[in-house]
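Visitor: Here is how the chains run, residue by residue.
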Amino acid sequence: MSSQSDEIDLVKRALRGDKEAFEAIVMRYQQPLLNYLSRTTGERELALDFAQEVFLKAYASLASYRPRYKFSTWLFTIASNHLIDHWRRKKLPTVSLDQTVDFGDSPLTLQVADPRAGVARQYELRDLRSRVEATLRKVPPALRELFVLRHVNEFSYEEIAAIKRLPVGTVKNRVFQAKEMLRALLEEAI
Amino acid sequence: MSCLRLDLLYEYLEGTLDATRRAEVEAHLAACPGCRAAVEERRVIHLASFGLPDFDVPADFARRVMARITAGRSPALSWLGAIVGSLAALFLTFLTYVLITGQNLISVLTSVFGTLGQGTQVALVWLGKVAKLGAIILPVLRDLGGNLVKAAGQFTASAGPGFFVAIAVALLLLMVLAAIGLGRRLFAGERS
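These protein sequence lines map, in sequence, to chains A and B.
Going by the numbering used here, the residue at position 93 of the first sequence is 125; the numbering climbs one at a time, nothing skipped.
Going by the numbering used here, the residue at position 21 of the second sequence is 319; the numbering climbs one at a time, nothing skipped.
Hints listed in this document are in silico derivations from the structure and should not be mistaken for laboratory results.
Values in this document were obtained by computation on a predicted structure and should not be read as measured data.
In this text, a Cβ means the ideal position worked out from N, Cα and C, and glycines have one as well.
Treat each hint with caution, since some may be false.
What the hints assert, rightly or not - If we take Cβ atoms under 7 Å as the criterion, some of the chain B residues that face chain A in the derived model are: (1) 305; (2) 343; (3) 346; (4) 349; (5) 350; (6) 352; (7) 364; (8) 367.
As the list claims (entries may be wrong) - Label-pair distances were calculated between CB atoms; the ranges are: (9) A:49 x B:391: 25 to 35 Å; (10) B:431 x A:98: 38 to 48 Å; (11) A:105 x B:478: 26 to 36 Å; (12) A:98 x B:424: 41 to 51 Å; (13) A:165 x B:382: 47 to 57 Å; (14) A:105 x B:321: 29 to 39 Å; (15) A:102 x B:348: 43 to 53 Å; (16) A:201 x B:348: 18 to 28 Å; (17) B:348 x A:98: 23 to 33 Å; (18) A:165 x B:316: 30 to 40 Å; (19) A:100 x B:423: 48 to 58 Å; (20) B:381 x A:102: 27 to 37 Å; (21) A:105 x B:348: 12 to 22 Å.
Claimed, not checked - From the derived model, a few chain B residues whose C-beta atoms are all more than 12 Å from chain A: (22) 381; (23) 382; (24) 393; (25) 394; (26) 397; (27) 402; (28) 406; (29) 426; (30) 430; (31) 437; (32) 448; (33) 449; (34) 452; (35) 456; (36) 462.
Next up, chain B with everything else stripped away, as it sits in the complex (with noise of 0.2 Å):
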């Protein structure tokens, strides 16, 4: 076995190696008075790195974070908050129109309620358009779909070996490309 690397070392110092792996190591280590000078050295800084001494925490620091904990809020019912909100921000801007107008209440519900009436069956009224015009279309590019298939059909069946191997060339060439980009797309995202 030839000298340790650095990550063997210090795998064998966290005691992470397999009994075959950590035995022919310590075969290494009893031939090689450079690595055992070598795992001595870095078995000193791995004790001491291990017992570093704790940070001296504030009496208080629990109290002040839980002071910064808006009283009696609890996180599950964030969202429902949120639908609250907007349905009071909602009241109150009905409300205070009602009272700048001066207009009757009950009108201005009605009206309210008309004019999502209205745009509600304008919206239908257009839905129906755009399925009318989908049952036209649909069967125009059905009849197009099949015909280009036809053709296509046709063509290969015409078409000599050369063509065929132009094509799987070109097609290899594309997914090496697509490799290569997506290799380093991913190799980004990685990033630290």
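Chain A extracted, bound-state conformation (with noise of 0.2 Å):
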């Protein structure tokens, strides 16, 4: 049985009040969507609420969920807006399609590559790692959030898209504008 089937059939079950079935969807989606959250609200217990918070929303409005669709786009896009409200009550800046995000001095937009010294190769593959997940936080949230679902997540550029109800070039862009502010913040570390 494929995944997507499988996990078709265990919410036509949760559906029935089988919560075992709901149980099973929880534990397969518990550490993505942790993941996601830990690094998009930087916080662990809020990660752990946020996360109470959207199972239980999921499980509410199950019945809206549309086999057509994969199960995880659905549940993040449910994440997502949590986060979006979240970010709202807070005031924290989005940032809007048009806006040029500001770096500093400089804005940042993909422009031609920058070849000046490698930050990157000063450091060994697992400390690289150790530095990007503390520089991560100082990405701004919006942008942060595409990069999270991209690189830790593993969602395709397509599949983002879809949770975001964004353009497909727009999320590419700005992942890619998360990479360059990650990296241009890791130099400014050194």
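Got two chains here, each in a separate frame; can you build the complex from them with the hints?
Guide: Structure follows, in structure tokens:
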């Protein structure tokens, strides 16, 4: 049985009141969801609270899930909306489509590659990973979210576009900008 | 080929370029040490970004989620719960009224259904009146429309070409303004 049809079966059973089926869904998605929420919120306890809320919302609206969509995409759309509500409540800045991302004195746009000195090559891969993890917190939330969906959750650009209801090109552009900002921040931290 | 734009560079690193574009990029990289260095720099960060460690999920997380989900309540039946709840609330209100007023249950029921019947009767009478009014107004509106079309036809037959040019320019202007307005609205809707 494929993962998708297996999930549809779990959803159907959960809709009939089978709690074990929904628990199986929770078990399957708790890791990727918490990977996503911990990096996007930057707080462990908040991520745990949000993950619970997201699963409760998913359970409450399970009847609205349509099997022609991937369950993961549907679940992460709920999670992303939950996160956006949180950012709005906290009045954290979000990035609009037309906006150039400000970074220091120079605006960060996708220009020609800067061939300057390799910050990355100064570190071992493991060390670089922990630096990436720490530096990611400094990237604006809206860009960080797209970076996390791509690199931590390993969604395709098409899947991220479906989750965020954005054009694929815009998603790619934003992920590249997040990576470029991350690289610049790593360089700055030396 | 000029030096690589960053989006092209990242597409190259992610392996999403088609064969022709990829070959062009590789040819440029072979000839341009600056871009080669930029690619290598970003390749290391790209690799590091894909291997970030997993969040440490508490062993009882799923159990905690399930504990918050109401016992035995199926999400598919939530609408049924709402209907049953509403009916139960209605029944309780009715029962409370009967108990407080001390009225006979049958007479209260008769009175409720009588009121409902009267209401339906009034609604039907009004519906009949609206239908009659419509039957009078509709032919008048039809005649008025016909006359307006006739008048417009006579006017356009007598108007010169300058009039039509002015109308066309005005329409064009309206369309441009509408397109600008629509564009702004769509743009605002896409903001993240």
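Visitor: All hints are to be evaluated individually against the structure, with a verdict given for each.
Guide: So, going through the hints one by one against the coordinates:
1. 305: holds (5 Å)
2. 343: holds (5 Å)
3. 346: With Cβ-Cβ at 4 Å, under 7 Å, it holds.
4. 349: holds (6 Å)
5. 350: holds (6 Å)
6. 352: Interface hint status for residue 352 (chain B): holds (6 Å vs cutoff 7 Å).
7. 364: Given a least distance of 5 Å, the restraint on residue 364 (chain B) holds.
8. 367: holds (6 Å)
9. A:49 x B:391: 25 to 35 Å: Since residue 49 (chain A) and residue 391 (chain B) have Cβ atoms about 30 Å apart, the given range 25 to 35 Å holds.
10. B:431 x A:98: 38 to 48 Å: holds (46 Å)
11. A:105 x B:478: 26 to 36 Å: Between residue 105 (chain A) and residue 478 (chain B), where Cβ atoms are some 35 Å apart, the hint holds.
12. A:98 x B:424: 41 to 51 Å: holds (43 Å)
13. A:165 x B:382: 47 to 57 Å: Holds - the Cβ-Cβ distance for residue 165 (chain A) and residue 382 (chain B), about 50 Å, lies within 47 to 57 Å.
14. A:105 x B:321: 29 to 39 Å: holds (34 Å)
15. A:102 x B:348: 43 to 53 Å: With Cβ atoms ~21 Å apart, the hint is violated.
16. A:201 x B:348: 18 to 28 Å: Between residue 201 (chain A) and residue 348 (chain B), where Cβ atoms are some 22 Å apart, the hint holds.
17. B:348 x A:98: 23 to 33 Å: Check passed, 31 Å falls within 23 to 33 Å.
18. A:165 x B:316: 30 to 40 Å: holds (33 Å)
19. A:100 x B:423: 48 to 58 Å: Once the Cβ atoms are compared, 50 Å apart, the range 48 to 58 Å for residue 423 (chain B) and residue 100 (chain A) holds.
20. B:381 x A:102: 27 to 37 Å: Since the Cβ atoms of residue 381 (chain B) and residue 102 (chain A) sit about 33 Å apart, the hinted range of 27 to 37 Å holds.
21. A:105 x B:348: 12 to 22 Å: This hint holds: roughly 20 Å between Cβ atoms.
22. 381: Fine: 15 Å to the nearest Cβ keeps residue 381 (chain B) off the interface.
23. 382: Holds, since 15 Å exceeds 12 Å.
24. 393: holds (30 Å)
25. 394: holds (31 Å)
26. 397: About 36 Å separates residue 397 (chain B) from the closest Cβ of chain A, which puts it past 12 Å; holds.
27. 402: Holds, because the least Cβ-Cβ distance between residue 402 (chain B) and chain A comes to about 42 Å, which exceeds 12 Å.
28. 406: Per Cβ check, residue 406 (chain B) is outside 12 Å of chain A; nearest 38 Å; holds.
29. 426: At roughly 42 Å from the nearest Cβ of chain A, residue 426 (chain B) sits farther out than 12 Å, so the non-interface label holds.
30. 430: holds (45 Å)
31. 437: holds (48 Å)
32. 448: holds (51 Å)
33. 449: At about 49 Å from chain A, residue 449 (chain B) clears the 12 Å cut-off, so the statement holds.
34. 452: holds (51 Å)
35. 456: Non-interface label stands for residue 456 (chain B): nearest chain A Cβ at 50 Å, farther than 12 Å.
36. 462: Residue 462 (chain B) clear of chain A: closest Cβ-Cβ about 39 Å, beyond 12 Å.
In the structure shown, a violation is registered for the earlier hint numbered 15 alone.
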